[in-house]
Amino acid sequence: MRSPSGLGTLVVPALLVVAAGPALAQSPTFGLGRTPTQEEVRAWDISIHPITGDELPPGRGTAVEGALVYRRQCARCHGAEGSQGRAPRLVKQDRPEGTHPWNLGRILPIRSPYAPTVWDYINRGMPLNREGTLTPDEVYALTALLLYWNGIIAEDAVMDQESLPQVVMPNRDAWAPLPDWKPDQPRWPGYPH
Amino acid sequence: MASEQPNRRAFLKRGAALAGGLTLGGPALDGAEAAAQSAETQAQELPDYSSPELIAYGERSPFVTSVRSPVNGRPSPDDFGLVFHIGTPLQDQIGAITPSSLHYFGTTRGSFVPIIDPAEHRLMIHGMVDRELIYTMDELKRFPSVTRLHFLECAGNRSSPRHRTIVESHGMTSCAEWTGVLLRTLLEEAGVQEGGNWIIAEGIEEVKGTSSLPMAKAMDDIIVAYGMNGEPLRPQQGFPLRIIVPGFEGILSVKWLRRIKVVDQFYMTYNDYGHLSQEHHDAALGFQIGPKSVITWPSGGQQLPGTGFYEVRGLAWSGGGKVSRVEASVDGGRTWFDADIRGTPQRMAHTAFSFNWTWDGSEAVLMSRCTDEIGQIQPSREQVREFFEVPEGSPLSVPGQDNSIQPWRIERDGSVHNAVA
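Going line by line, the protein sequences match chains R and U. Residue numbers for the first sequence follow this note's numbering, so the first one is 1 and each next one is one higher. Residue numbers for the second sequence follow this note's numbering, so the first one is 1001 and each next one is one higher.
Since the hints were made in silico from the structure, they are not lab data. The hints are all genuine.
Calculated cross-link-like contacts (lysine to aspartate or glutamate; reagent style DMTMM-like; alpha-carbon spacing at most 25 Å): (1) R:K182 / U:D1221; (2) U:K1141 / U:E1177; (3) R:K92 / U:E1279; (4) R:K92 / R:D173; (5) U:K1141 / U:D1220; (6) U:K1141 / U:D1130; (7) U:K1141 / R:E40; (8) U:K1322 / U:D1220; (9) R:K92 / U:D1079; (10) U:K1141 / U:E1120; (11) R:K182 / U:E1194; (12) U:K1322 / R:D184; (13) R:K182 / U:E1373; (14) R:K182 / U:D1282; (15) U:K1141 / U:D1221; (16) U:K1322 / U:E1373; (17) R:K182 / U:E1177; (18) U:K1322 / U:D1092; (19) R:K92 / R:E65; (20) R:K182 / U:E1279; (21) R:K182 / U:D1264; (22) R:K92 / U:D1078; (23) U:K1141 / U:E1188; (24) U:K1322 / U:E1177; (25) U:K1141 / U:E1231; (26) R:K182 / U:E1188; (27) R:K92 / R:D156; (28) U:K1322 / R:D180; (29) U:K1322 / U:E1311; (30) R:K182 / U:D1220; (31) R:K92 / R:E155; (32) U:K1322 / U:D1340.
The shape of chain R in the complex, shown without the other chains:
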């Protein structure tokens, strides 16, 4: 797609960029690769916006439905009630009165500031060796179950594209944002180390 004289293709557009300013700075320099089809993008794009839940697919589920899916798909590794298995615990029920959620440990459906992150992880990483086999309804139902088990939503609350991003997680405001990073700057202003 380019002339064999690589030098020409590299240098000329670069000069144009300098001469013509930002408008042309936006055009590709190397012209390699191709445009993915929208089907390819949809198939690969499993990211979920943590706050808006933008990319969540249609579907719905409740904790009651989730309990059925859990028994079939999760209980063998995570334990019948989400805590006694070989795999990481998913629930913390025995919590002393007034314990800050941060101090309940690194349990995704407690510590995650946003509920869509729980959906995202189940969808991308579970069940082990069968990732990607759960339907959106099953992922909504399992998310609902974990949120219900951890006392965040009611047993009959319906989780879907609209309601999941509305769930207020206990840790929503208890985390510090990352710094506004710039090159060649100390990692924390005022700290000499």
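Go by the hints and put chain U onto chain R.
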């Protein structure tokens, strides 16, 4: 030849296990058992360096037996066959580059290392860009490339009094020469749209490990790497494609890279959520790695054979840029002197250092201290305690990525011990 191959392999494996047990302090063999194994070893066929196999692809000597090992108290493989945190044997390393086979590795949550045919592998760039793009490996290799030394370090690299050896205390950092395309080059091809302030990078392994990174870093020095130490990436290092995020905690350098999405904000992926902090300083100090160094020889678990001359050796690095100075102490930090920097320091790369020392047989505590090119100085644990006003006697967890000074205590019998209090 084919029938002889398994014998030679068997010998190498047995030899490695035997020597590994002796040097790394594994279960000690009693004299008779060791002698029996030694005889058995000699009975095995020795490697034949004229064989077509070893002419085609070399191997290290059977007398060189340094190996990696799982660290942080979690077995690898675990109950599910997942591998998680594997430490590099820094005490055996010679020079600043970690051999690819010994480079530390970690994975998201623990994962299986995927087997990927590079001919089938693709990288997609999409989201808030003018032109979504998908590349084959061959296409990526046609782009202008960079080749740079960079260290990687896991946030789990925290020395504690219960660690005996440097593998446990510092084994999750390594340094390699990485080759690939600057991510900036690919993002400029795609044209980042207004408001595209973050990227998320995603792997293709079964958990599809994903991390959020600020656009300022993406446009600065992140490498979309396919090469490592003169050859394609090793599978445990992300073959055929990964990113290298210089100076940031290791989990952000996503392996088995298949997708980069330009997004409006921090995306709070599973990886990101696992590294949240409650305090601003903790978040900042965990993001960019600070100036750090460690003496690798002599280090915990090793034994000085006697008094006399030693070249003490170590490694220094910083997420803030080049190492500009390394100081050392042999009296527990009461007095310091400049160590010799070996080679030319590179940005966000391990830098080897050394100093000459004559051991007189008395107890000594050896330490090193790194200063980087932006003036950050590696702190002692006491300095960290003072800065954050952590009372004496209460446990100290160094905020963010632990870059505190590592003391090694040499006892009169020449044994070397971790002196972190």
